[in-house]
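The primary structure of each chain is shown beneath.
Protein chains: 2
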Amino acid sequence: MVQTPTEESAPLPKVPIPTLERLTTYLRCLVDLGASDVHTISSAQIEQYTSISAAQFRKDLSYFGEFGKPGVGYQVAELEARIARILQIHKLQPILLIGAGNLGMALAAYPGLTEHKFRIVALFDSDPNKIGKRVHGMDIIDFNRMGEINIALQAQMAILAVPTSAAQAAADCAIQSGVRALLNFAPTALKVPPGVVVRHVSFLQELAVLSYHLTETEKRGQ
Amino acid sequence: MVQTPTEESAPLPKVPIPTLERLTTYLRCLVDLGASDVHTISSAQIEQYTSISAAQFRKDLSYFGEFGKPGVGYQVAELEARIARILQIHKLQPILLIGAGNLGMALAAYPGLTEHKFRIVALFDSDPNKIGKRVHGMDIIDFNRMGEINIALQAQMAILAVPTSAAQAAADCAIQSGVRALLNFAPTALKVPPGVVVRHVSFLQELAVLSYHLTETEKRGQ
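As they're listed, the protein sequences go chains A and B. Using numbering that gives the first Met the number 0, you'd call the opening residue of the first sequence number 0 and step up by one each time. Using numbering that gives the first Met the number 0, you'd call the opening residue of the second sequence number 0 and step up by one each time.
Among these hints, one or two may not hold up.
Same chains, same label: a pair holds when it works inside one copy or across any pair of copies.
[Said to hold, decoys possible] Listed below are the simulated BS3-like cross-link pairs for lysine-lysine, each with C-alpha atoms no more than 30 Å apart in a straight line:
#	residue 1	residue 2
1	K58	K190
2	K13	K68
3	K58	K13
4	K58	K132
Keep in mind the hints are simulated off the structure, nothing from the lab.
Construct all of the structure, not just a fragment, from the sequences and the given hints.
This is how it looks when you write it as structure tokens:
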């Protein structure tokens, strides 16, 4: 069953989820600006780059203390480092990828993962025809060896890119292997113990939202 | 640049995006219940099935008028039909899929699309080695023929499963071909004219949110 992530994730965060999502947008913008040798930036410029309002930007940052100086703006490098630290992506975050089908392969090759210090450190599948094959510099490992393998890797995050029917078993196996955060691509809810957080990536939800907008814009004659 | 969808989509919806997203969860639940011969359901049962609170469920429905009867609950089939109508997924919604790489292939095979009456009606790519090949019952069509092909198909939605460097060109081409709603998988912002809506599927945002939660639960000693 498709499920909104916030209700499933325990415990509830103090910071709103949309704020955390926008932080990644600011971070991306700051990385780009830093690469273009821009050293300071105003909230108005952030708005120009990200299409997120200057007021929203300041409100989002306010959850995490004082940032920037009135009349001067924000130091690009400092703000980038602080946001990365807030999101805990200032250090390398190892991830187990479960499922070596089309989606798994697409994720393994997805640009931007390494840019944000996410690194897929192992790739698992249950298909004997896939196990042992090498893709994107990684061997496809037998699903049943996840616990053993993760003793060395110590990954706390896993991406589930498996069919719906296999999602709960994959989640259980990952959790038993020490994983405490799951990104689930299967359109199904997962039962997880307290302290384990789940986020869903649902194309269906996004398509339904687009479908609604299409009708709304039609009604308004646009 | 990764960008939150709400800021980019114009015009702003009257109904909150999270409400629309949760509607798809309720819908999925109702479809499952209907298949199990359940005919009426209470908001408390919806909470049990979806992990979304009964109060939130009633609030979400309140945007769209009167639903259910006090003390009786909701007719499963009627509620299902009404939500599908709200999301405009009670009728078939044709979709153009742009990009026949791993991600495009995963999307073409994604379960649940047809269940929600989304149908991928054409698959495009720019790679001469892919054009003309047949996958999932569809021929991969030359990207440059999109306008011509969509005269017959009349699709208003497109999914962009292309590399970042190709995303804007793919969006432009889709819009010129009559598309007014885009689901973008590339981690980049798109410039679109008024009346065209864009939603982004960003794995990076989800991973960053998980990363934050991991740290929070560590702090609380869970």
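Structure-based check of each hint:
1. In this homomeric assembly, K58 and K190 come within 30 Å of each other (Cα to Cα) only across copies, at 25 Å, whereas the closest approach inside a single copy is 34 Å.
2. Taking CA atoms no more than 30 Å apart as the test, K13 paired with K68 passes inside one copy only; the shortest distance there is 25 Å, against 35 Å between copies.
3. For the identical chains of this complex, K58 and K13 are neighbours both inside a copy (14 Å) and across copies (22 Å), given an alpha-carbon limit of 30 Å.
4. Taking identical chains as interchangeable, the C-alpha atoms of K58 and K132 are never at most 30 Å apart, the minima being 48 Å within one chain and 50 Å between chains.
Hint compliance for this structure: hint 4 is the single one not met.
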